[in-house]
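This is what each chain is made of:
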Amino acid sequence: MSAQRQILPVADQAQVRAYARRLTLKYPGRLALALGLHGLAAVAGLAGPRLLGELVEGVRDGTGVNVDQIALAIAGFIAVQAVLIRFAVYVSAKLGEKVLAELREEFVDRVLALPLSTVERAGSGDLVTRTSRDVDALSRTVRQAVPETLIAVVAGAFVLGALALVGPLLLLPSLVAVPLLWISTRWYLKRARDGYLRENAAYAEMTDGLSETVEGARTVEAFGLQGTRHERTDRDIARSWAAERYTLRLRTVWFPAVEFGYVLPIVATLLAGGLFYLNGWVALAQVTAATLYVQQLIDPLDRLLSWVDELQVGGASMARLLGVAGVPDDRSAGDRRPGGERLTAEDVRYAYREGHDVLHGVSLEIAPGERLAMVGPSGAGKSTLGRLLAGIHGPRTGAVEVGGVPLVELPLPELRGHVALVTQEHHVFRGSLRDNVLIARPDAEDAAVRDALAAVDALDWVDALPDGLDTRVGSGGLAVSPAQAQQIALARLVLADPHTLVLDEATSLIDPRAARDLERSLAAVLAGRTVIAIAHRLHTAHDADRVAVVEDGRVSELGSHEELVAARGAYAALWESWHGTPR
Amino acid sequence: MRSLPVADPGVPDARSPFRYLWWIARGQAGPLLIGIGYAILWWLGQAMVPLTLGKAIDGLTARDAESLVRWSAILLGLGALTAFGGVMRHRLAVYNWLSAAYRTVQVTVRQATRLGPTLPKRLSTGEVISVGNSDIANIGNAVDVLLRGVGAVVAIGTVTVILLVTSSQLGLMVLAGVPLMAVAVTPLLRPLHRRQHRHRDLQGDLATRASDIVAGLRVLRGIGGEAVFAGRYREESQQVRAAGVRVASIDATLEGAQLLLPGILIAFVTWRGAHFALDGTITVGQLVSFYGYALFLVGPLRTLTEAADRLTKGHVAARRVVRILSLDPEIAGEGTATTEGGDLVDAASGVTLEHGRFTALACAVPEDAIAVAERLGHYTAAEVTFGGVPLADLPTREVRSRILVADNAARLFGGRLADQLDVRGRADADHLREALHAACAEDIVDALPDGTDSQIAEAGREFSGGQQQRLRLARALLADPEVLILIEPTSAVDAHTEARIADRLAKARQGRTTLVCTTSPLVLDRADTVIFLQDGRVRAEGAHRALLTADPEYAATVTRGEG
Numbered sequence: 001m002s003a004q005r006q007i008l009p010v011a012d013q014a015q016v017r018a019y020a021r022r023l024t025l026k027y028p029g030r031l032a033l034a035l036g037l038h039g040l041a042a043v044a045g046l047a048g049p050r051l052l053g054e055l056v057e058g059v060r061d062g063t064g065v066n067v068d069q070i071a072l073a074i075a076g077f078i079a080v081q082a083v084l085i086r087f088a089v090y091v092s093a094k095l096g097e098k099v100l101a102e103l104r105e106e107f108v109d110r111v112l113a114l115p116l117s118t119v120e121r122a123g124s125g126d127l128v129t130r131t132s133r134d135v136d137a138l139s140r141t142v143r144q145a146v147p148e149t150l151i152a153v154v155a156g157a158f159v160l161g162a163l164a165l166v167g168p169l170l171l172l173p174s175l176v177a178v179p180l181l182w183i184s185t186r187w188y189l190k191r192a193r194d195g196y197l198r199e200n201a202a203y204a205e206m207t208d209g210l211s212e213t214v215e216g217a218r219t220v221e222a223f224g225l226q227g228t229r230h231e232r233t234d235r236d237i238a239r240s241w242a243a244e245r246y247t248l249r250l251r252t253v254w255f256p257a258v259e260f261g262y263v264l265p266i267v268a269t270l271l272a273g274g275l276f277y278l279n280g281w282v283a284l285a286q287v288t289a290a291t292l293y294v295q296q297l298i299d300p301l302d303r304l305l306s307w308v309d310e311l312q313v314g315g316a317s318m319a320r321l322l323g324v325a326g327v328p329d330d331r332s333a334g335d336r337r338p339g340g341e342r343l344t345a346e347d348v349r350y351a352y353r354e355g356h357d358v359l360h361g362v363s364l365e366i367a368p369g370e371r372l373a374m375v376g377p378s379g380a381g382k383s384t385l386g387r388l389l390a391g392i393h394g395p396r397t398g399a400v401e402v403g404g405v406p407l408v409e410l411p412l413p414e415l416r417g418h419v420a421l422v423t424q425e426h427h428v429f430r431g432s433l434r435d436n437v438l439i440a441r442p443d444a445e446d447a448a449v450r451d452a453l454a455a456v457d458a459l460d461w462v463d464a465l466p467d468g469l470d471t472r473v474g475s476g477g478l479a480v481s482p483a484q485a486q487q488i489a490l491a492r493l494v495l496a497d498p499h500t501l502v503l504d505e506a507t508s509l510i511d512p513r514a515a516r517d518l519e520r521s522l523a524a525v526l527a528g529r530t531v532i533a534i535a536h537r538l539h540t541a542h543d544a545d546r547v548a549v550v551e552d553g554r555v556s557e558l559g560s561h562e563e564l565v566a567a568r569g570a571y572a573a574l575w576e577s578w579h580g581t582p583r
Numbered sequence: 001m002r003s004l005p006v007a008d009p010g011v012p013d014a015r016s017p018f019r020y021l022w023w024i025a026r027g028q029a030g031p032l033l034i035g036i037g038y039a040i041l042w043w044l045g046q047a048m049v050p051l052t053l054g055k056a057i058d059g060l061t062a063r064d065a066e067s068l069v070r071w072s073a074i075l076l077g078l079g080a081l082t083a084f085g086g087v088m089r090h091r092l093a094v095y096n097w098l099s100a101a102y103r104t105v106q107v108t109v110r111q112a113t114r115l116g117p118t119l120p121k122r123l124s125t126g127e128v129i130s131v132g133n134s135d136i137a138n139i140g141n142a143v144d145v146l147l148r149g150v151g152a153v154v155a156i157g158t159v160t161v162i163l164l165v166t167s168s169q170l171g172l173m174v175l176a177g178v179p180l181m182a183v184a185v186t187p188l189l190r191p192l193h194r195r196q197h198r199h200r201d202l203q204g205d206l207a208t209r210a211s212d213i214v215a216g217l218r219v220l221r222g223i224g225g226e227a228v229f230a231g232r233y234r235e236e237s238q239q240v241r242a243a244g245v246r247v248a249s250i251d252a253t254l255e256g257a258q259l260l261l262p263g264i265l266i267a268f269v270t271w272r273g274a275h276f277a278l279d280g281t282i283t284v285g286q287l288v289s290f291y292g293y294a295l296f297l298v299g300p301l302r303t304l305t306e307a308a309d310r311l312t313k314g315h316v317a318a319r320r321v322v323r324i325l326s327l328d329p330e331i332a333g334e335g336t337a338t339t340e341g342g343d344l345v346d347a348a349s350g351v352t353l354e355h356g357r358f359t360a361l362a363c364a365v366p367e368d369a370i371a372v373a374e375r376l377g378h379y380t381a382a383e384v385t386f387g388g389v390p391l392a393d394l395p396t397r398e399v400r401s402r403i404l405v406a407d408n409a410a411r412l413f414g415g416r417l418a419d420q421l422d423v424r425g426r427a428d429a430d431h432l433r434e435a436l437h438a439a440c441a442e443d444i445v446d447a448l449p450d451g452t453d454s455q456i457a458e459a460g461r462e463f464s465g466g467q468q469q470r471l472r473l474a475r476a477l478l479a480d481p482e483v484l485i486l487i488e489p490t491s492a493v494d495a496h497t498e499a500r501i502a503d504r505l506a507k508a509r510q511g512r513t514t515l516v517c518t519t520s521p522l523v524l525d526r527a528d529t530v531i532f533l534q535d536g537r538v539r540a541e542g543a544h545r546a547l548l549t550a551d552p553e554y555a556a557t558v559t560r561g562e563g
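Quick mapping for you: the protein sequence lines, in order, are chains E and B.
Reading the first sequence from the start, the letters are residues 1 to 583 in the UniProt record's numbering.
Reading the second sequence from the start, the letters are residues 1 to 563 in the UniProt record's numbering.
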């Protein structure tokens with residue numbers, strides 16, 4: 001199914017790297033502090049093997065070694081290391097949290113800036129997964145993988161340095177596993193990224209399916225779709241399993257190579273060091289310390305390699321998060337500002353799919369304060385035209401302008417002051433009822449909120465709620481009916497108070513009689529505002545100043561209700577079919 | 001490894017979170033036990049390293065080259081064994097992780113389909129979605145850690161034996177020290193978990209906020225509330241950050257403690273060991289292995305701490321899953337009666353749907369009409385009889401397959417359009433065409449690249465409200481139920497289309513029991529009988545035109561206030 005569905009883009013590796021670099025270096029001071037603390041901790045950790053080496057040699061020789069002093073020193077260094085680690089972990093976690101918060105906030109900003117046509121096509125599931133699972137995965141990366149990797153590099157470097165100090169000759173055998181580690185890790189990393197991307201995508205499909213089933217549970221039961229949904233779930237799981245198996249195969253090759261690569265240097269150091277000792281080239285203390293150091297090298301190396309793995313996962317998630325920004329913007333703000341509120345559409349064409357225009361050269365001029373109704377059969381292009389007039393989409397060719405400036409060249413806040421759109425979609429946000437109305441004008445007083453609700457005939461039922469405006473609605477809160485949701489949407493618009501309102505069947509879910517009352521009280525509040533109402537109920541057209549009939553992507557008739565009825569065209573026929581029954 | 005998912009996930013034990021986890025574990029007992037076996041092998045391979053190292057050092061101090069080479073070779077062999085055990089353990093860990101996670105998805109989906117209409121009433125969508133997004137992962141983690149956890153216990157046991165055999169005094173020291181170290185960090189765990197819990201809750205809220213933004217993005221773009229929502233998200237994100245830092249402060253202390261506590265033990269063991277070595281009670285090599293063991297034990301101990309943590313989280317996740325799994329449908333539907341079918345009668349309102357007729361239900365208050373439809377469709381328990389048999393006595397599945405309530409909240413599903421319309425899979429191409437014609441939905445299909453073979457996005461998002469409504473109607477007609485109850489099926493289409501649909505609907509349902517809840521005069525005019533409902537009771541019944549003249553209230557209701 002993903003073949004057809006246009007999934008949101010994914011950033012490429014170069015973009016991810018550049019972004020990661022920028023992020024890492026954003027707070028150099030704090031980063032240096034964290035790394036410094038970890039470095040000191042690593043140094044404190046190096047004392048143990050060295051002291052033990054001395055102890056071993058002293059004990060073997062049986063000559064005046066102060067066991068108590070050395071043991072105390074070992075304990076002291078461990079205590080220092082523990083304290084340093086405590087602060088190092090805390091400082092780096094704090095930094096990680098900070099960066100992470102910025103990251104997810106930037107992501108949400110990007111989501112909020114997504115061109116609308118993209119959101120509609122990409123399916124919310126993809127975006128939901130990105131906002132949840134990918135943000136989660138990335139948080140693991142930023143909280144742990146990035147600091148751990150840097151720490152491992154620091155610690156590893158110190159261990160190697162200590163090894164060199166113990167005896168440069170003993171450094172050589174420790175490098176024996178480098179080719180094995182290098183080649184296997186490269187082999188793995190080359191394949192891992194795509195593998196993990198596929199894994200994430202398959203997982204997204206699975207959670208998509210889950211949410212579809214859950215949200216449509218009633219429909220599933222009504223149509224007896226239980227079996228179908230179970231099959232879909234099992235199919236999604238099978239696909240996810242296939243993707244997981246691929247990466248598992250990669251790790252099946254890589255992991256043993258790496259684990260064997262850890263033990264190889266220990267054996268080599270022990271054997272070579274032992275032979276060096278037997279030949280009298282090095283002391284027993286050196287061999288002991290070197291072997292223990294090499295063993296101590298495993299930990300940072302293992303952290304490094306295991307987090308490289310995690311970095312890949314994080315990188316894949318990051319690619320998906322950044323990809324959201326990769327959606328080309330559908331507008332670029334210019335400097336010109338509208339001179340007036342006259343809204344015009346000039347020879348406008350628009351296509352959702354290339355080569356399939358849904359508007360074929362529409363021209364319209366709407367005077368400030370005018371009430372224009374758009375009617376026409378479903379699928380004729382009314383909603384598309386409405387979105388163009390609200391500046392949501394830019395036309396493919398032609399121009400939609402307010403006061404002589406194309407809508408898509410206005411910065412968003414400016415545009416909202418001129419035009420706002422309310423559609424038949426009735427999402428109620430999680431939060432209080434007040435919050436839901438306040439969206440476009442967060443500083444409004446309660447009195448203004450109440451006025452707005454009164455204008456859409458909603459104040460009565462809102463006041464009847466036990467908590468009034470404070471009632472929690474949306475997911476997890478009080479369930480409001482679709483009709484009430486539409487009233488809330490309209491109240492938002494009333495409060496936002498733009499010069500021009502585009503209402504796309506904004507009252508379609510409200511019972512027809514109430515809808516007409518609502519439209520009348522709304523009209524009183526909106527006197528002087530330009531209103532473009534897309535409606536399938538003809539009373540809306542009847543009440544408007546002018547009616548535009550949209551058919552097959554064109555405006556076929558335009559004029560006042562009376563004019564159009566007198567013209568005896570398509571509109572007149574519609575009107576008659578509406579009033580064909582005796583009253 | 002058997003391929004996943006399992007064909008039948010079985011019936012979960014939802015009596016408690018623990019029982020649920022136990023049920024999961026039992027379901028994959030084989031791979032789990034094999035995995036534990038490999039984990040033990042892996043740990044043991046590592047546990048033998050300090051011993052071997054000590055032997056090699058002893059060979060060295062004795063200037064015995066042959067012994068050095070032999071023990072070095074054994075060390076290499078242990079490395080190979082560890083590598084093999086490690087990768088096999090990992091493979092089985094992943095398998096067990098996925099197996100548990102997938103099975104949880106399966107039972108959740110099955111439960112969602114079992115609950116049907118009860119689900120949206122009892123749970124918020126976010127709650128169930130979080131099962132998919134984080135809970136299954138935590139359950140997977142809990143199962144996964146069992147492998148390493150059991151292996152760690154065995155490793156600790158083995159090391160204890162080795163130490164006791166080498167030197168009972170030092171062995172006892174380690175034996176007493178290890179649990180002491182483990183216990184010593186526990187005071188930190190409770191506040192850690194509390195803070196983690198708080199962090200997780202806030203994270204959950206933040207995720208819900210993000211989903212809410214995504215779901216309402218169209219609205220936000222329409223009205224311009226982006227800045228407010230970005231601000232609100234930022235605020236909550238900063239709360240999550242603060243909670244994260246609070247977790248980190250304990251986490252960091254724990255990290256330090258996990259180094260310090262075994263460290264003290266190491267120093268102590270080394271100190272005593274060195275004295276023993278000076279006395280000649282143990283060899284120098286054994287001193288090195290004691291040092292190595294005290295160091296090694298940090299690993300399995302840490303795994304045990306991690307296991308406790310993951311099992312706790314798994315338990316929390318399982319609690320949420322169990323909460324969903326333990327719900328029961330509001331309508332039990334355990335009835336076993338049968339009915340020939342016939343008239344459908346709602347006692348509360350007095351509405352009777354006569355068998356085979358096209359009835360319309362008009363009502364000034366739409367909620368009243370919906371209440372009647374919900375009762376007739378057995379969505380709310382009520383005194384409703386179908387062919388004289390109470391609906392409550394019939395199995396729900398039977399009721400659903402014979403009486404279909406199609407409302408505007410019904411969902412379209414993603415997939416091939418033809419499959420999504422002909423959900424019962426019984427229609428041929430002609431039927432499909434007829435239904436699309438009746439619902440005036442041909443133009444929608446014509447505009448698609450592959451007609452009815454086109455793939456449609458989840459929830460039919462690419463279609464407008466009016467288009468979705470017509471597709472839903474086509475789907476309802478294709479299901480061809482004995483009784484079809486439609487709630488405002490033409491509310492989102494224009495007048496022109498509405499008139500056509502009304503005509504075609506009557507023809508398509510000829511001879512079948514049909515109820516349409518509507519106030520559209522166009523639809524009411526096509527009905528065999530119109531029932532006019534007021535205050536939840538039947539006020540008048542008759543043909544549309546007759547009622548128009550006979551009942552001014554009715555006229556006022558259906559002329560849509562245009563009088």
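A hint or two may mislead.
[Stated by the list, open to error] A few chain B positions that, by computed beta-carbon distances, are all more than 12 angstroms from chain E:
hint, residue
1, M88
2, V94
3, R103
4, T160
5, T166
6, E226
7, V245
8, E255
9, A267
10, F276
11, P390
12, L404
13, R509
14, D528
[To be verified] Here are the simulated DMTMM-like pairs of lysine to aspartate or glutamate, each with C-alpha atoms no more than 25 angstroms apart in a straight line:
hint, chain 1, residue 1, chain 2, residue 2
15, B, K121, E, D470
16, E, K94, B, D343
17, E, K26, E, D12
18, E, K26, B, D343
19, B, K507, B, E383
[To be verified] Footprint (simulated), chain B over chain E, 3 or more residues, beta carbon under 8 angstroms:
hint, region
20, 126-137
21, 144-154
22, 229-243
23, 301-314
24, 458-471
The hints are simulated quantities; they were obtained by calculation from the structure and are not laboratory data.
For glycine and all other residues, C-beta sits at the position ideal for the given N, C-alpha and C.
- Failing hints, ascending? 1, 2, 3, 6, 7, 8, 9, 10, 12, 16, 18, 19, 21, 23 and 24
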